[in-house]
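Here is how the chains run, residue by residue.
Number of protein chains: 2
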Amino acid sequence: MISVAIVGNGNVAFHLYKAFSSINTLKVSQVNSRSLDSIEPADVTIIAVSDDAISEVSSKIKNSLVVHTSGTTDMNGLQNITRKGVFYPLQSFSKDKAVDFTKVPFCLEVEHTNDMYLLEKLVEVLKGKAYHINSEQRKNIHVAAVFANNFTNYMYQISKDICDTHSIPFDILLPLIEETSEKIKSLTPEEAQTGPAKRNDEKTIKNHLNLLSSSQKEIYQKLTESIQKHGKKL
Amino acid sequence: MISVAIVGNGNVAFHLYKAFSSINTLKVSQVNSRSLDSIEPADVTIIAVSDDAISEVSSKIKNSLVVHTSGTTDMNGLQNITRKGVFYPLQSFSKDKAVDFTKVPFCLEVEHTNDMYLLEKLVEVLKGKAYHINSEQRKNIHVAAVFANNFTNYMYQISKDICDTHSIPFDILLPLIEETSEKIKSLTPEEAQTGPAKRNDEKTIKNHLNLLSSSQKEIYQKLTESIQKHGKKL
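Chains as they are written, first to last, in this note's numbering: chain A, 4 to 237; chain B, 4 to 237.
It is possible that part of the hints are untrue.
Which copy is meant is left open, so a pair is good if it fits within one copy or across any two.
Claimed, not checked - The calculated lysine-lysine pairs, modelled on BS3-like cross-linking and capped at a C-alpha distance of 25 Å, are:
| id | residue 1 | residue 2 |
| --- | --- | --- |
| 1 | K132 | K186 |
| 2 | K188 | K98 |
| 3 | K186 | K201 |
| 4 | K21 | K186 |
| 5 | K21 | K106 |
| 6 | K225 | K209 |
| 7 | K206 | K124 |
| 8 | K235 | K163 |
| 9 | K220 | K232 |
| 10 | K186 | K98 |
| 11 | K163 | K232 |
| 12 | K132 | K98 |
Hints were generated in silico from the structure; no laboratory data involved.
Assemble the whole structure, with the sequences as input and the hints as a guide.
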């Protein structure tokens, strides 16, 4: 039986503890990062605290294998003197929403190759998908995720602002948003790219710019230029 | 029984003809825009041709009610001397991919109120969803759709470019992309917005900028600034 200790009280700690607790073949405990004296011995100790606290929290842990769950922190940001690793779930977690771990890719990294088996085992019991990702790659995944998640959501925001201004119900765009995200499962972004920028339809671009506020216009122009240049690079 | 004539050979004409043909209570015919002499009389004549051709094609049609399927063209861009309307399906159509019309919102507009019933009936048999949208609103929906579809896809493109540069499989981001588009069904974009820009995490923003190419950096900065200002306006 694998034993797991989780350190932290945030969303990731909450959902990991909940998921591991439901599995009979695991023994799991959770402690607050301010109560590290009471941490139980465990095969894997998962530090799910804010990036800034990883260094200090890890320096106080004596358990054999300590991993963090951060997308942006180097594995060597851990200050425990025992073995190190990373167990980064690449998904957006909200406290109020149940997590479907079958849809969570885990970015795994270990200092000692033998420890990979333990981390992979944890991903397997959660029915997630394991990827071997080094610290440099993980930082780049984190910035790629800003585009795929935060900036994509901001595109939805601008769409909604336009709808609101013209008394159009935003739900009219939801099927298109769904189709756009569906398409990317079977087509590359290059293949899926359509629209006035892609086909150099300057007349439509000009009409669109006339409808937008000045800040929306700047973003429209910047992305249109970039799409046009991207096409040429290929 | 309602009779429908479809003019055009593009994706929209193809999928509408296919869908209407499968319905017993409709009589549907299709003609090429170069063979307008052979057009059959119909209750509704749907011109699904390129925006630039709408004016000329419509001027040659004598049928009683003529509608176009364009997001960007004014209803009065139709040059038939009979009744006019708009039947704009707000979805991305590809020739190779079957269209699920239950997920297609139709933006309807008519010159004569009584004709709305006919257009709504067509949407109903397709099991789509009808919206009453005037020409001004429709043009704004079209630009909102550029953000929700074309620019969102370009965010995926940049994510993929970053993955490619660092030998990361792009499929690691697909669950996050799916979750991002799912979330918007139950949260507003304001509620769903997370990330370093939203929480003014300047340290992470700086780290991210150092990882990006110059053109990626410009887009990251522009969108980050805009998210930060947007938060303040609310």
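Hint by hint, here is what the structure shows:
no.	hint	verdict
1	K132 <-> K186	both (21 Å within a copy, 21 Å between copies)
2	K188 <-> K98	between (27 Å within a copy, 17 Å between copies)
3	K186 <-> K201	within (17 Å within a copy, 28 Å between copies)
4	K21 <-> K186	between (33 Å within a copy, 21 Å between copies)
5	K21 <-> K106	within (16 Å within a copy, 35 Å between copies)
6	K225 <-> K209	both (14 Å within a copy, 21 Å between copies)
7	K206 <-> K124	neither (56 Å within a copy, 34 Å between copies)
8	K235 <-> K163	between (31 Å within a copy, 17 Å between copies)
9	K220 <-> K232	both (18 Å within a copy, 15 Å between copies)
10	K186 <-> K98	between (29 Å within a copy, 13 Å between copies)
11	K163 <-> K232	between (27 Å within a copy, 16 Å between copies)
12	K132 <-> K98	within (22 Å within a copy, 33 Å between copies)
Hint compliance for this structure: hint 7 is the single one not met.
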